[in-house]
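Q: Spelled out from the first residue to the last, the chains are:
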Amino acid sequence: MNDNNKIQGRGPWLFLRNLVIAALFLAAFVYALTRINLDLTLLVKNFSSTVKLWSAFAKPDWSVLGEGVTLLIKTLYMAFMATALALPFAIVLSFLGAKNLMNSPIARAIYTFVRGFASIIRSIQPIIWAIIFVVWVRTGPFPGVLALWIHSVADMTKLFSERVESIDVGPMEAIEATGAGRTLVLIYGVIPQIINPYLSFTLYRLDINVRMATIIGIVGGGGIGMRLYSYIRKWNFPKAVVMTILIIIMVWGIDYLSSRLRERIETGGGEKTEGFSI
Amino acid sequence: MAQLEIKNLKKIYPPNVVALKDISFEVEKGEFLVVIGLSGSGKSTLLRCINRLIEPTEGSIKFEGREVTTASKKELREIREDIAMVFQRFNLIERSLVLTNVLTGQLAELPLWRSLLGRFPKELKNRAYERLETVGIPEQALKRADELSGGQQQRVGIARALMQDPKLLLADEPVSSLDPATSGTIMDYLAEINNQGKTVITSLHFLDLVRKYGTRAIGLKDGNIVYDGHPKDIDDEKFKEVFGEEAEKVHIT
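If you read the sequences in order, they're chains A and Z.
With this note's numbering applied, the first sequence covers 1 to 278.
With this note's numbering applied, the second sequence covers 1001 to 1253.
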């Protein structure tokens, strides 16, 4: 009875609170509308100027196909290189950034630093990193790779660390109890539990990097994205369309491949383990 | 000199949870000592203090004359090589082969490069197979550990412990995750190991198992020893003292 009264007593207040929240959202929306010029008539009025763009899809200029494919491969290299170079850094940092492995006061300080640093770097989008590196080392694939690399290191460190934090400590204490040292505990107690998730995250990140590599080109990070943007700026839509089609094929292909591979890894690697793999 | 001498052992988990208050007892070589008590009475803590998986707060633990509590990292590793452990949740590396799991019992004695590469010498592999034969599952050697049933996984745990050729076997609630029939089989293996002269210290919940297998029982309650004697001498009154007034006497036959 008592509880019932309490709930009934709170009912009107809850309703009022929700009403206030809803009203605030509405007010914010209306205010935002007045601050931004949402002139929907422009969409209709200026439609004619896009005709050139749409018609380009009907007659792409295939003369740039060879050039496009070369750039596409270059873009893949960029993504692959950034991911591959990020992996060793992320592996090492992920152990330093795992709370359950970092117990002593000094270790805890390192943990806080690693995770804090990773969050800050991660919160800055790859395209912003690309702008920074383009300013730093000039345009081309190099700043693009650097931008993807730094964001990948931070992102993978976070994902990997969280994985390490969720491992089962049972096998670790069992190995420790046999008289094995820290290295062996890590190799036999920790690594078998994380190797597949690490692989899976790395593939996922490669997938992201392929997509990001094209976007980064727009700010001067090299690859096919950079060429696409230069054709758009020159209003050369038939050539831009070829680049767009190539990007769509690549992104779709990598997305498909990566998800298929990850599926296999996550379901336990398919075939049974042979020999003495750990 | 007793094989294991524990004096004034105390464990406080930060900030102030007292798990063991003032524990002193000795264990002779060849004993089958069963630690009984309710969940939270300090059984697991006591067993894990012996091989220092948990750091004791105060007191002394001497194993074969060597002080465990103040041992250096290297000394501790040497001591641990003589003390094997079996766990309630088996603690196997689930994704690895059964044989690999058994071989991990021997890691400490291998050169590091072999352990790192997983290159185990032939005679060690043969020994691992022998240990699996001892626990009756040699045919499971090349399966992944997580494909096995609970009882089979615990046998792998025992085989791994035997791989160490230990002088003392600690078994922390080795049958608590198993059904009664499987529990009997696992306890039989522990008894067999004990018959070969190895000391066994285990924690159990069921009085029938304690009476059947133990040569001695220690009752823990709130971090204190409230009983120390032969399992057959635990009468209803003693039972209530260990498990509390409200505890029903549990019989599994």
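Don't read these hints as lab results, they were simulated from the structure.
From the three backbone atoms N, C-alpha and C, an ideal C-beta is built for every residue, glycine too.
Treat each hint with caution, since some may be false.
The calculated label-pair distances, taken between Cβ atoms and stated as ranges, are [claimed, not checked]:
(1) 1082(Z) / 266(A): 37 to 45 Å
(2) 100(A) / 1082(Z): 57 to 65 Å
(3) 257(A) / 1142(Z): 25 to 33 Å
(4) 1014(Z) / 183(A): 25 to 33 Å
(5) 255(A) / 1142(Z): 32 to 40 Å
Q: Enumerate the violated hints, using their earlier numbering and listing them in ascending order.
A: 2
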